[in-house]
Amino acid sequence: MLYPCTLRLLRALTASLVVSTASGAHGEPAPGANGRPDIRSDAPEAGVSGPSAELRPTVLSGLAAVVPGVIVHGTGHRIAGDRHAANRLLAVEFVALGIAGIAGAVVVASGASRKLSPPAIPFLVGGAGTFLMNWASDIYGATGGLRIGGEPDLDPALFEARLGYLRIQDPQFAYDHFTDLDVALWAGAWRIAGSAQLAVDTDNQRVELSASHRFAGPRPGRTATTGSALDLRGALVYHRYDGDDFAVATAELAIAGRYDLAGFSSTLRGSFAEMEVGLGVERIDYQVSGAPADYSHLLLMRFGYGIYVGRASGRVHGQVQIFYDHRRDDFAGGLAVPDGSNGFAGSFGIDAFAYWSRHWGTALVLEAGSSYIGGASLLYRL
Amino acid sequence: MSKKPSIKSRNKGPLVSGFVFVYVFAIAVGAGGCLRDGRARALIDGEIGIATESGVSFAVGDGLAHVRAIEDGRLDLWASAPAFELIANAGSGAATEWIIEVDNCMPGAEMVAASSGAPLVIEVLEADPRPVLRRWRVRLPDNAETRLRIAPPDADSAGMWRFAVMGDIQEALDRVDEVFARINRESGVRFVVSTGDLVDRGTLGEYETLQLQYRRLDIPYYTTIGNHELYADHERWSERFGRFNVHFQFKEVTFSLIDSGSASIDPVVYGWIDQWLERAANGVHVVATHYPPIDPVGIRSGSFRSRKEAAKFLSKLASGRVDMTFYGHIHSYYEFSNAGMPAYISGGGGALPERLDGIGRHFLTVDMRMDGIERVDVVRVD
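So the protein lines, in turn, are chains A and B. Numbering-wise, the first sequence is residues 1 to 382 according to the working numbering. Numbering-wise, the second sequence is residues 1 to 382 according to the working numbering.
I should point out that these hints are in silico values taken from the structure, not numbers from a laboratory. Glycine included, every Cβ here is placed at the ideal spot set by N, Cα and C. Do not take every clue at face value.
[As the list claims (entries may be wrong)] Residues from chain A that face chain B, not an exhaustive set, calculated with beta carbons under 10 Å: (1) Ala109; (2) Pro118; (3) Asp176; (4) Thr179; (5) Tyr238; (6) His239; (7) Gly280; (8) Pro292; (9) His297; (10) Pro338; (11) Asp339.
[What the hints assert, rightly or not] Examples of chain B residues lying across from chain A (beta carbon under 8 Å, computed): (12) Pro141; (13) Glu235; (14) Phe248; (15) Gln249; (16) Lys251; (17) Ser262; (18) Pro267; (19) Ser306; (20) Ala311; (21) Ile330; (22) Asn338; (23) Leu352; (24) Arg355.
All chains, full assembly: derive it from the sequences and hints.
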């Protein structure tokens, strides 16, 4: 028997799913300055969900979104006066915890069985990720994030390039300083990208080639009404650690989605959530005579919560995102924690970029895992 | 589609929102804590086996025994290796007659001592019912250095012999005596090599239970730690059992038991590993550590927190011509190969078992021949 409150939660969740699906529809917004769409914040918008809300974000609602909001999602919105959004956030928390709880129970009860844990762990990480992003959403809305949240880039540049510097503090490796080069080009629904991180102080190089197919969402020449997107991404990565006598080649396939949270609630306009799930196969070559290569699988899971910064037609336009990356094979590795829980988590980070002219922009990244990473880049787009 | 929500506040929200974003990232980085939490343990290793009392200073070679108690004329040691050297320096007027007791000692071990090239007379004291507890009385000359060696008579000669491997006792500490009883029945096994996780939460009660359970084992138990010893202060370990990283030789076979309790190995320890590999390059070398560098079930990733560190570690072991690797952490049995070296995971000490694997509680026996490893067998306990 379902209790009435459970039914309400399920109705709220169903409604949010319906709205989120509808918000993915494409449209053709009127072009603004620089040929980019001009979405005015005081105009009715497509893909914005939720009833008219008398949102009253205060310091109290913001703090309540943190505690007890971490336990009861939506508390901040409830105190700020938006019961509708609060109920939906609570519904998502209910589902996320349910998914993570069931998956976690399978992992624990099976003793991390080799047969049951591989299918369960993605749900565990995904459920935990949804929980955290949902909590962040409540904080965003309840603290008046709507006032600082900007607009998505609905007309991505055909070509983007990045040249930057990475500082990586990893006690296990001699490298510290890297140049970071990235280029990306759209061809229809395909986005072809290449990147290279080259150490300048030791013999270490990482190169990546990737191709993504966008099934839904903004792309050059086919703008959308929201920032929501769905991509299938394939990549080949080669990372050479010549000073440490090994090299790793990885083939990856992942599905990645961005959900523009305006579609979830109008109080979350200007923010978005991302999740990626996929599988990697890696080959480790040891530069040691007689040592054969090792092969292994890799779970690719990444989730993030972010806000858009500025307007497409404004002086500055970009985004800021907090993210979690479950993979342990990259520069960041897995999170170092001070007790016995090491080895389970991936890395956390924050990345941001902003274009401050038609062609030029800046990007920053900070990441913490088994190493600390900080980087800054100059961006160029056409 | 809905109307834009109205916001009624004094606009402190963005400030709070920004604060919360920074706060959340600070938590993520803070959770990362120190990237070298194994360093403190490595530094403790360097202080093991050193004590001074009544004008006599003692130092155990390579820290292979821990000074549990010292008082006027009496020294109690916990052995971490089957053979070790003890250097005593007695000043003028120092206590000369000492009773030296060694727990976790090889059954049948002998003490030999010499000062200024002259052998000293050793008195073997009344035998304890426990074969791993040995006592000797020795008279140390004034103003001289005395070198004592405690080892079984065949410690330095190659031959056919056996040892056992086990790991991951954790919450099954109360019934690990059943595993020990089964090991006691296994003929010819000289000692147990353990990959850690002897306790579950590292409580004082658990350590008391562990001490009591050791009394049920007729052979010594040489071990490193796992992640579960780190749920409490790691000094609870070192105060009782000494080193976290142990390196010794027995019958021309080298053993390196390496602390990976933080799902990583500290760079200080990597420095030791380089020396150990060099010393053992031409002999048989067995390496044991808690975390498998790479989980054979890659998606599960019950392994080092950084895969690039895992590859670096394996590359080192392969270049050092390590003959066999043993791991724990995963509560089952796996036989595989890493970087061409035979690898075994044996986490059958009783901790929550991996289900659907048909293994259960177990340990391994390793049969050595004159010039290498003869065979590895799984011995089921249940």
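Here is how each hint holds up against the structure:
A distance limit of 10 Å between C-beta atoms decides the matter here; for alanine 109(A) the minimum to chain B is near 7 Å, and the interface restraint holds. Given the 10 Å rule on beta carbons, the hint for proline 118(A) holds: about 4 Å separates it from the nearest Cβ of chain B. Annotation: aspartate 176(A) was flagged as interfacial toward chain B, and the flag is violated, the nearest CB pair being 13 Å apart, outside 10 Å. A least Cβ separation of about 19 Å between threonine 179(A) and chain B goes past the 10 Å threshold, and the interface hint is therefore violated.
The criterion of a C-beta within 10 Å of any C-beta in chain B is not met by tyrosine 238(A), whose closest approach is roughly 13 Å, and the hint is violated. For histidine 239(A), the interface hint holds, the least distance from its beta-carbon to any beta-carbon of chain B being 8 Å, beneath 10 Å. A hinted interface residue such as glycine 280(A) counts as satisfied when its beta carbon comes closer than 10 Å to some beta carbon of chain B; here the least separation is about 8 Å, so the hint holds. Against a cut-off of 10 Å between C-beta atoms, the interface hint on proline 292(A) holds, since the closest Cβ of chain B lies about 5 Å away.
Hint status for histidine 297(A) relative to chain B: holds, with the closest Cβ pair at about 3 Å, below 10 Å. Interface hint at proline 338(A): satisfied, since its Cβ lies 4 Å from the closest Cβ of chain B, which is below the 10 Å cut-off. Taken as an interface hint, aspartate 339(A) checks out: its beta carbon lies about 6 Å from the nearest beta carbon of chain B, inside 10 Å. Hint on proline 141(B) is violated. Least Cβ distance to chain A is approximately 46 Å, over the 8 Å limit.
Taking 8 Å as the C-beta cut-off, the interface hint given for glutamate 235(B) is violated, the closest approach to chain A being about 14 Å. Contact between phenylalanine 248(B) and chain A, as hinted, is not supported at the beta carbon level, the nearest pair being about 25 Å apart and thus beyond 8 Å. For the restraint placing glutamine 249(B) at the interface with chain A, the shortest Cβ-Cβ distance is roughly 24 Å, beyond the 8 Å limit, so the hint is violated. Because the beta carbon of lysine 251(B) sits about 26 Å from the nearest beta carbon in chain A, more than 8 Å, this interface hint is broken.
This hint holds: serine 262(B) has a C-beta 5 Å from the nearest C-beta of chain A, less than the 8 Å allowed. Hint status for proline 267(B): holds, given a least beta-carbon distance of 5 Å to chain A, under 8 Å. Satisfaction of the interface hint for serine 306(B) is found here, the shortest Cβ-Cβ separation to chain A being roughly 3 Å, below the 8 Å cut-off. Below 8 Å, beta-carbon pairs count as interface contacts, and alanine 311(B) has one with chain A at about 5 Å; its hint therefore holds.
Hint status for isoleucine 330(B) relative to chain A: holds, with the closest Cβ pair at about 7 Å, below 8 Å. The interface hint given for asparagine 338(B) is met, as the beta carbon of that residue sits about 6 Å from the closest beta carbon of chain A, less than 8 Å. A cut of 8 Å between beta carbons decides the hint on leucine 352(B): the least distance to chain A is about 5 Å, and the hint holds. Among the interface hints, the one on arginine 355(B) holds; its C-beta lies about 5 Å from the nearest C-beta in chain A, closer than the 8 Å criterion.
Comparing the model with each numbered hint stated earlier shows that hints 3, 4, 5, 12, 13, 14, 15 and 16 do not hold.
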